[in-house]
Structure formats: C-alpha cells, structure tokens
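Engineer: Protein chains in written order, with this note's numbering: chain A, 11 to 483; chain Y, 11 to 483.
Do not rely on the hints blindly, as some may be mistaken.
Identical copies carry no separate label here, and so any pair may be met within one copy or between two of them.
[What the hints assert, rightly or not] Simulated crosslink set (DSS-like; lysine-lysine; CA at most 27 Å straight-line): (1) Lys386 with Lys128; (2) Lys38 with Lys386; (3) Lys53 with Lys380; (4) Lys296 with Lys243; (5) Lys386 with Lys53; (6) Lys226 with Lys243.
The set of hints was computed from the structure by calculation and includes no laboratory data.
Quantities reported herein were computed from a predicted structural model and do not represent experimental measurements.
Number of protein chains: 2
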Amino acid sequence: MEIKLFISIIFLLIGCQATLGGYTYTTKTFEVPLDHFSFVNNKTFHIRYLENNTFAGESSGPIFFYTGNEGDIELFAENTGLMWELAPKMKASLIFAEHRYYGKSLPFGNESFSGPEKLGYLSAEQALADYADLLAAINPEGRPVIAFGGSYGGMLAAWFRMKYPHLVTGALAASAPVRQFEVECDIFNRILTSVYKTSYNENCSKNIAKVWDTMKQQMANDKSKQDFNAKFKFCKFLNTTQELDEFFDYLNDVLGNLAMVNYPYESSFLAPLPAYPVRQFCYELKEDLTLNGTLLLDAFHRALNVYSNFTGKTKCLDIASAYDSSMGDAGWNFQSCTEMTWSNCQNGTTDMFPPKAWNFQEYSDECFKKFQVRPKNYSRMAPGEIRYGGGNLAGASNIIFSNGLLDPWSGGGIFNDQPGILVVVIPEGAHHLDLRASHKDDPESVTEARRLYVKQFKKWIDRNRKFKNVKRK
Amino acid sequence: MEIKLFISIIFLLIGCQATLGGYTYTTKTFEVPLDHFSFVNNKTFHIRYLENNTFAGESSGPIFFYTGNEGDIELFAENTGLMWELAPKMKASLIFAEHRYYGKSLPFGNESFSGPEKLGYLSAEQALADYADLLAAINPEGRPVIAFGGSYGGMLAAWFRMKYPHLVTGALAASAPVRQFEVECDIFNRILTSVYKTSYNENCSKNIAKVWDTMKQQMANDKSKQDFNAKFKFCKFLNTTQELDEFFDYLNDVLGNLAMVNYPYESSFLAPLPAYPVRQFCYELKEDLTLNGTLLLDAFHRALNVYSNFTGKTKCLDIASAYDSSMGDAGWNFQSCTEMTWSNCQNGTTDMFPPKAWNFQEYSDECFKKFQVRPKNYSRMAPGEIRYGGGNLAGASNIIFSNGLLDPWSGGGIFNDQPGILVVVIPEGAHHLDLRASHKDDPESVTEARRLYVKQFKKWIDRNRKFKNVKRK
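Next comes chain A alone, as it looks inside the complex:
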C-alpha cells in the first residue's frame, strides 16, 4: 500500500507514463504566460507536452519537437510514426507539444471558449511563443532541434524555424499550406474534385456534382423528404433548407477529409477508414447514374458509409461535425476568424460543388456573430501573410516543405525550390502521409521522401554543430 502511494507520488512528480498505439511517453506540463506580447494580463497557465527520452541515451543527439496543431496532442503523437521510427536511429529525444486551447492545454479550463476576453489569447504567435519558452527551458545545452508538423502544425513547424532560428535547427513542414492566404479561392475544391475524378473513374465526381440538386429536390416535398431522412438515418430529422445546407457543409468536410486521409492502408486519423478511402467511396459511385435520383442517392449513401460507418457500429448519422472529437473544432473556427482566414469558393465547373462565391464581408459578419471578432483586414495583405510571408521565403532556411499531390491542401503548398528550402513532392501522397509510420503498402515516393529527410536532418545538425563551435567563445 505504501509502495503504491510512493509510486503514485513519483508519477505525479515526473509526469504520467502512458502508452498509445504502441508508443510510450511521459505526459508533462509547462507553465507559460497567457499573453507573451503584452503586459495587461499577467495570468499564466500550463500547456501539456509528451516526452520520450529513451532513445537519446547519454548522447547529446537532436530533439525532435512536434509543434502541435488544432487538436489533442496524443492524436498527433499517435499519427506521427515517422518521429518514433527515426528517434532510435538518430538518438533523438521526442517532444510533442500541445497547442494552447486544444486538448488539455486550456488556459481557463472549460470556460476557455466562453467569449473573446478568454478565447482571445488563442493565436499562432502565442502558441509559437509557448513552444519557444518550452524549448528554452528543456534544452539549455542547445542540442540541435528539428521541428516537425503536419498541416497547420506544419505551418507552425516552418514558422517556428523562421521566427526562432536560434532555437530551432530545421523544420519538416509536411503538407503545410503556408501560401493558402494568397491563392485563388477555388483551389482547394478544384484539387479535391480532381482526386474524386481520378481515384476510380470520372463518374464519381460527376455523380457527386449531381447529388446536391437531387437532395434539394428530395427535400422539396413531404413524402420524398421522409424517404430521404429514412435513407440517411440522420440522428436529428432534416426538415428545413437550412438544415439541408448544414448537411451540405458536413458533406463538404467529409469529402475533404476523405481526400486528406486517402492513405494506402486502413487508418483512423480523422475517422476509422479503409485503405484508399476515396477509391472505396468512388467505387460506389462508379456507374453513370443519370436516370434516377433515388438510385444516385442510394449509391451516395453507400459511399458515405465508407466514412460515417466503416466500423458498422454507427447507429445514426450525426452531421454536427465531420471530425474526430480529438480535433478542436471550436478553437479552429476561432482561428479561422482571426488570423487563419483563407478564402474558399466553389463554382460547379472546375469543381463538383454548387456555386458559392467568396464573400469576405459575409464571412466576417458570421465570425462576429459566433465569436464577436472579425478577421483583421487593415491591409491588402492578409495578417498571416504579413506576419509569416506566405510563399515569400526570402531569408528562410533549413525547412523541408513536403506535399502529396492527392492532398487538396497542396494548393497552398510550396513547390518552387529556393535557397535554403528543400521541396519534396510525393505524387501518390495524401495529407502528410510522410509523417506516418512506415507501412508495407506505402508508395515508393514516400519511402524515398523519408530517406531524404534523414539525410537533410543530418546535414543541418552537422552544420549547426560546426557553426556553434566557430561562434561560441
């Protein structure tokens, strides 16, 4: 009994050891100022981070630092097998830092989302400053540091190197759409559509394009509305046009997510899914289904089940969110309303969605309604572009930008080689496939990319050591 208590106390002191998806880490917390850049509110709080030092041994090998994105950090630790596989080879320590306002890193606990006076400290700059403070504290010896991140986390990894090069030796920014601020509003949907066009056969995207009107027609009279509801088994009966619009939004997200996690093997990142889920989805929509609206919807329903009911255990279709609950929807919606505002539009010709223009004012009004904030818009350049440069990487160095061509976010990615920047293209890759653990079904391009990363990391680390030896007194 006493020994147990002792062990519990030790655990409390050193943090909590846990194993997830075969990976073992210690969970710790770190105190950060709520506001790094002003001095009005002196509150501090704790961010969570996961640590594994077992591969580093006595060496002063590198630190692999995952710059957590918009979700529970355990989700990213579990889905970033690359870091776990490289750590023993490079004697690296692993750190997965959780982004403020996500997972368990909530400055005001359950109140954190209650209004702008609490939620207002959620920003990329504040998160990067958290990571900088954490690194400064855990790396007093100045071991080389490689930042890793995917998607928004990849943007953070790149920006972490750009803004804090004295703390970060280099960064792997996987599927990081840093140019998303400046690209055409239809680019995401254009690439997305081409993925559905090419994954099985062209009928897939054509059928999806017809689904929207067909659904509207079904909802237009009471009898077919009943049938429609019965077919999709919504958790909450779909009655109004507005509710149908919500379903459309959900489907947009589903189609996007399927493309993002269109991995060559079963996975469960945003949802439990089969291998090549877009192909599975499109398999159900492979016929030329022009003649019969109901036939189209039947097929579409079967296709949708690939995403919403791969496990066969889903009782009803919940359209409130297309994301795993580990992802921080509320936080991300706020960030999209402040700094990470990207235009989005669809036109029904270069994409498979009903036409919808981008209307900044409407978007801004919606933001104000939801959060009492508006995207900053003082200049011709987006705030994120002014802050981080978008695609202008003059002066940046030691960053790998990788992109899979099957990823709709690749439209905002970096593809042009420039001094100090390594561009890696993975033709068969979806959204940051390269960050995942290796798998027998991986395409050769991703295996090759990972080999390249190791070479590049070693170069950065060697150069960093030389620089330090020359520079330091």
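Chain A is already provided as a structure; the job is to place chain Y on it using the hints.
Structural biologist: Using the frame of chain A, we list chain Y on its own:
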C-alpha cells in the same frame, strides 16, 4: 482666404510638410491594431511616420525604413543624416516610423501611461508588428527595403529583418546591443570607465571614482551641505541621502550619455554638447585632486557644466532626468521592466562607481512598485533572448552590426563574423556615430564604414531582385 482653406485641407489630406535640421518630410499617420497578437481588445490607434519620396523619382528604388526607438521620431530623423545623404545617391524613399507609446504615437493620448491596462501594449513585438503592417501597406510593389536603426532602434532594425525577412531586404543595426541580455552585469560601466580613463588622462576616471564619497561627506553636515547645494545650484535643494542617491543616478546617466554622444563635433542629440564632450569633461578633471574635497567638487562641477550647461543658459541643475525631453523616459522604464531587462552592476574596481550588486528581485520589486508589472522570468534565458536569440544569429542574414569602440553599449554588440552577418567596427566611434550626417571632423573609420554600407546595400538589393525574378510566377 478660400485658397488658404483649400491648401489647409490638402495639407490635412496629404499630411503635413515640415522641415527640420535642413531635412524636409511629410508627416503621416497609419492605423494599427492596439494588440497584434491577441483578440481581446479590438481597439486601433494611429502611429506617426515621416516620409520623403523626393529622391526616389519614378524609379522603384529601395525604401530606407527607420525603425523608430524610444523617443520622438523627429529627433531620430534629424540625427540620422546617413539616410538623408544616401537617399539621393540610391534613389531611395525615406520612412521614419515612430515607435508606439513615444512621441505622438500614443494609443490612449495622455492617458497612455496611466497603468498596465493601458501601458501594457508597449512591447518590441507590437512595435515591429506595427512596422510590418505599415510596410505591407506602403510597399505593395515589393520594392527592396533596408531597415535602419541605432541603439534600441538598431536592435529593432536587426529583429525586423530577422522576424520579417519577406518584408525587409536587409538591416543596418548601428550600436545595437542585442547581446545585452546575456553579458556580465558590469560590462557597461567597465567600458564607460575606460572611455573616461583614456579620453584625456587617467586622473579623470580616478577623480570621478572619488567624487561619490566626497559628496557623501559634504552632505553629512549642515554647513557643507549648504555649500554643496550652493555649488551645484540644484533646482530643488538636496537634503536627504535618498536625494543624493537620485543625484548619483543622474550623474550615472550623464556620464553614460556623454560617452554615448562623444562625437567629434558639436551636436545636440541627447543634450547640446561641444565636440568630444568626454575630453572636455575630463579636461576639468585632469589634475591629481587627492588633497582637497572641495577642490575635487569644484572641478567636477565645472566638468558637469559641459553636459548640463553647455549653452550657458541653464538657470539651475534639474536632476529629474538627464535626457532630452524628446526621449520617452516613462515608456523606456516600462520596457526595461518587462522585456528589455538587462542586468547592471558596478564594483568600484573595474569601474569608477561605488559598488552596487545586481539584484534581480529588488529590481523586480521596484518595477512592480512603479508599473505593477515584473520582468518575465520563467526560464534560464531572458525573454528577449528567447524571442530574438541574443548573440545567437544562426539563421539570420543580411544584417550589418556596427559598433564604435568608444560606446559603452558596444559590450552588448556583435563582433564575431558569421555567415550572412557583416560586422563593422569603428574604433573612434561613439554610439551610432555612423548613422549621423557626414562631417569634416569624422574619423576615417566612420567614412569607410559608410562606404561599406552602400556596397552591402547594393549587393542585398541586387540579390533580392534576382531572387524575386526567379521565384515569382
């Protein structure tokens, strides 16, 4: 009458044209968010900037951008003749941006300093973000930009390039003590003392070292206290030990300022002063004045007049501030209590001051008393070091760090060459002498430095143009 009104309106619209020290510029204002990094307070305000486009002509030459420091921007525009002299040669536009909370760039007008809830938005990051927004707005064509700054303004110029390389092509950081966060606490006073030791003869620093005790003795009895007060003609009678300490603080500042503006010709940057003011000061203290306390104080009083009464018009000695009223004492004291905290100590052996150890806690308590804030101290590294890297310039590029060896701030300067960084040493230079207009009495080293700057600027600009041509679609 109508024409006059019309002209006034035009002036209001285009800003106000003014001429100062022979330089002509238009005064404009620019709207910035009070808080760039959080979304709790949505207030905006206007910073002031000075502009001159007359040298640029039709060309798309560079923009020379002065990153204003802790004072009225007109003071810096007037004392940065280098920019005015280079502009016609390089067809440059000139911008002098005023730092928030200084000069006329007050977010809450006269209330700006009333407490941390108003003053708390004064920080280097917020100021840099103001400058970034301003540049993004006035430079949509992406003309090459060279940032200029001296002292804290030089730190800002360097950091502006480091944090916003996509907006800033290169920076001249003159006498910028970016390493001040990490150096020994006595370094400033050590260099300062050596300037007084070598400017005329060694007796100077020796006599100064004896002044402190002599003054204490004078203040110890009523008769000599009267004499002491009569000699120095204080605006407010010096009565207590605490008041004497305030005089010591004033003298510390005066001795520091004299060394900083120890220029080879008459100037009036921090105060109206003769050429080589330290030499003038030390001329009065050249004798071995060991025998007689009063003799020492007479000589010291004559020396002090070099600073406090060069014009001969000063009626009484005001020890409240050693600075010109254009400098923003209140703002800078706040910044020293939050981000720009540098240790400072004196020991009476390597310097000419009475021993005084550095006590962080005491300093912090004093800050709290004055401003209800404390310097952030969460980590082994100072916040400014975590944010900007101090002397670790890994990843930085296109920055010239210049230092005069007669400048006590050179102790925190960059002296070791490293990739992408140009180090310029001006042996006969005081605090950012190189930024001033050329003068017939300039030492050759500063003339040579200025020649080097032009060469370097041209290289950066050419490389920037090439990079842009390659990169842009």
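Engineer: Now tell me if each hint is right for this structure.
Structural biologist: Here's how the hints hold up against the structure:
no. : hint               : in the structure
1   : Lys386 with Lys128 : both (18 Å within a copy, 21 Å between copies)
2   : Lys38 with Lys386  : between (35 Å within a copy, 22 Å between copies)
3   : Lys53 with Lys380  : both (25 Å within a copy, 19 Å between copies)
4   : Lys296 with Lys243 : within (23 Å within a copy, 97 Å between copies)
5   : Lys386 with Lys53  : both (25 Å within a copy, 12 Å between copies)
6   : Lys226 with Lys243 : within (17 Å within a copy, 90 Å between copies)
Against the hints set out earlier in the document, no violation occurs for any number.
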